[in-house]
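Enquirer: Those protein sequences? They're chains G and D, same order as listed. At position 42 of the first sequence the residue is numbered 75 (this note's numbering), and the sequence of numbers has no breaks. At position 78 of the second sequence the residue is numbered 111 (this note's numbering), and the sequence of numbers has no breaks.
Hint data in this document are derived by calculation from the structure and do not stem from the laboratory.
One copy or two, either will do: identical chains are not told apart, so a pair holds if it fits within one copy or between any two.
Think about it this way: if two alpha-carbon atoms lie no more than 27 Å apart in a straight line, the pair counts; the simulated DSS-like pairs of lysine-lysine are:
hint: 1; residue 1: Lys109; residue 2: Lys218
hint: 2; residue 1: Lys111; residue 2: Lys218
hint: 3; residue 1: Lys231; residue 2: Lys354
hint: 4; residue 1: Lys218; residue 2: Lys204
hint: 5; residue 1: Lys59; residue 2: Lys87
hint: 6; residue 1: Lys224; residue 2: Lys109
hint: 7; residue 1: Lys73; residue 2: Lys109
hint: 8; residue 1: Lys334; residue 2: Lys301
hint: 9; residue 1: Lys290; residue 2: Lys280
hint: 10; residue 1: Lys301; residue 2: Lys290
hint: 11; residue 1: Lys123; residue 2: Lys109
hint: 12; residue 1: Lys348; residue 2: Lys306
hint: 13; residue 1: Lys334; residue 2: Lys304
hint: 14; residue 1: Lys80; residue 2: Lys52
2 protein chains.
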Amino acid sequence: MRIAVDAFGGDNAPEEIVKGAVSAAKTLSDEIILVGDEAKLKILLEKEDVRAGKISIRHASEVIQTGEPPVESIRKKKDSSLVVSLNMVKNGEADAVVSAGNTGSYLAGAFRYVGRMKGIMRPALTAVMPTVTNPCVILDVGANADCRPQHLVQFAHMGAIYAQQVLQIEKPRVALLNIGAEEEKGNSLTKETHALLKEEELNFIGNIEPRDVPYGMADVIVCDGFTGNVVIKLIEGTAGALFKMLKGVFYKNLSTKLAAAVLKPGLKTVKAKMDYSEYGGVPLLGLNGVVFKAHGSSDAKAFCNAVCAASEYLKTGVNDKIRATLAVAATECEEEE
Amino acid sequence: MRIAVDAFGGDNAPEEIVKGAVSAAKTLSDEIILVGDEAKLKILLEKEDVRAGKISIRHASEVIQTGEPPVESIRKKKDSSLVVSLNMVKNGEADAVVSAGNTGSYLAGAFRYVGRMKGIMRPALTAVMPTVTNPCVILDVGANADCRPQHLVQFAHMGAIYAQQVLQIEKPRVALLNIGAEEEKGNSLTKETHALLKEEELNFIGNIEPRDVPYGMADVIVCDGFTGNVVIKLIEGTAGALFKMLKGVFYKNLSTKLAAAVLKPGLKTVKAKMDYSEYGGVPLLGLNGVVFKAHGSSDAKAFCNAVCAASEYLKTGVNDKIRATLAVAATECEEEE
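Whenever a hint applies, use it, and build me the whole structure from the sequences.
Expert: Below you can see the structure in the form of structure tokens.
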């Protein structure tokens with residue numbers, strides 16, 4: 034398979050992106066196509082140990098920066114690394130695309146160039162979250178800040194398919210993120226969504242309260258993109274803050290330093306479990322193609338994991354299964370952008 | 034001052050509530066009035082070391098259970114410990130009320146019996162959150178699951194007053210919780226709210242991203258009640274999950290146990306910092322009276338802290354200041370329940 038990499042997207046582009054893509058190419062059988070300024074990419078590739086044939090370059094002259102207005106940027110910068118990579122998926126020149134670039138532009142570009150699957154109202158950014166027990170799928174985590182109940186119902190189906198195909202969970206437990214366990218709790222969105230989800234052919238286990246999220250009490254967590262984005266960023270922030278405080282405890286004096294050294298391997302495992310870069314990029318489900326978003330601050334390791342996640346995803350039948358399951362509901366979806 | 038305690042509200046009522054109230058009475062100069070079944074309360078009080086005059090009982094024959102429908106429960110159970118305690122504030126028989134009972138019923142009862150301040154559209158549950166640096170005020174954390182931008186603007190003012198009067202921060206930094214730092218990010222609620230907040234007489238520092246929340250980068254964080262409830266419960270859950278994983282590391286074998294023992298005092302401090310029970314109850318700001326909500330799962334220690342927080346609050350001029358600041362905007366508030 035061929036994976037297009039937006040080499041100029043992200044806080045650490047292009048250096049870390051190229052390094053990460055090269056690392057991925059070493060372990061994968063896929064062809065990696067670096068998209069961006071050819072001259073610059075050639076210089077960067079010369080520093081790397083690249084085996085022949087697995088990495089190629091596709092020239093793109095422009096770069097979309099962080100903070101540029103999404104819709105305007107993708108319209109104006111048709112030859113940007115971001116737009117060119119997306120178009121490669123659209124035109125069949127690549128099977129998947131990975132970018133750590135401007136999220137808004139990437140989403141807008143994915144909707145515009147790769148396009149929604151027939152029947153899908155809103156594609157959803159879908160993260161796999163670490164928990165104390167098993168990882169858990171959560172969506173939407175940022176593609177749709179304002180949602181309607183029908184969108185969340187589709188997220189539930191897409192998330193369940195993802196959990197089945199990628200996490201190998203036969204009958205994933207689907208839960209609605211809500212601020213109370215009881216059906217009548219929540220805001221108008223979650224109340225209406227709860228009523229709809231009960232009627233769906235899903236293993237719907239009801240509401241999940243935020244405090245239970247880190248314990249892996251559901252396999253799929255459904256929420257609007259605003260709330261989902263808050264959840265993943267807050268877990269990241271809270272874990273980071275706690276480790277920072279623990280560091281203060283460990284480095285207090287000589288005896289604490291010695292004690293911390295004994296615990297180090299175990300602590301490292303815990304930290305890795307809570308570290309999103311270990312989990313790589315997140316797919317945008319519901320598109321006519323495989324579109325992965327890597328964290329904006331991705332370093333080489335994180336970006337490598339994102340490319341590997343995209344490669345892994347290509348081997349699963351997620352997109353086909355979503356198409357087969359949700360295309361039947363294709364009637365009501367033409368109303369929206 | 035006199036503090037009414039709903040002795041039959043909460044998962045551990047009445048035993049832990051009574052114990053907590055008695056502990057509080059020992060340190061406070063306030064009079065504590067336990068509200069609930071007199072016979073049962075007398076038996077419980079006999080077991081405690083109570084100094085004369087500081088604790089009294091007010092009989093109430095009914096109990097509102099967890100899960101009872103809010104509006105119906107407070108209408109039907111007029112002689113419940115919850116409704117009677119709220120009415121004591123309304124009638125001037127108590128200066129404040131504290132309950133760990135059914136949140137929905139307590140909020141509905143507070144709105145109905147204690148009533149909103151003139152000018153306040155929506156009272157807000159206001160928590161003080163631990164962070165790596167200084168504690169931070171966050172509201173609303175659960176009273177209003179669906180909000181309009183104007184509500185959030187009032188929350189911002191009430192939160193700023195709270196931070197000034199209770200946390201002694203002269204010019205509190207007020208931030209809007211949002212899924213991006215830029216003004217144009219977010220859902221329709223946060224976008225509109227951002228535009229309004231910029232025009233207010235507040236030290237508005239813009240959006241705060243969820244991952245920065247635990248670092249204390251704002252003194253007041255404003256959000257709708259759904260999101261706020263997600264935030265405090267998710268921080269609690271994430272911290273709990275991490276400590277659970279760390280416990281696994283510490284108890285792995287003899288050497289890790291010994292190492293953990295060295296670090297124990299420091300770890301305890303970190304844990305206490307993240308422990309909500311240390312921070313006691315949360316006030317419902319914007320009411321004609323002092324109404325504190327303790328965590329439903331409060332034990333004696335947590336409930337004692339909630340009563341102490343209410344006592345502390347009574348000494349500050351928060352309610353008067355809110356009344357003085359927000360009563361001017363009294364025109365548009367009669368439209369809503």
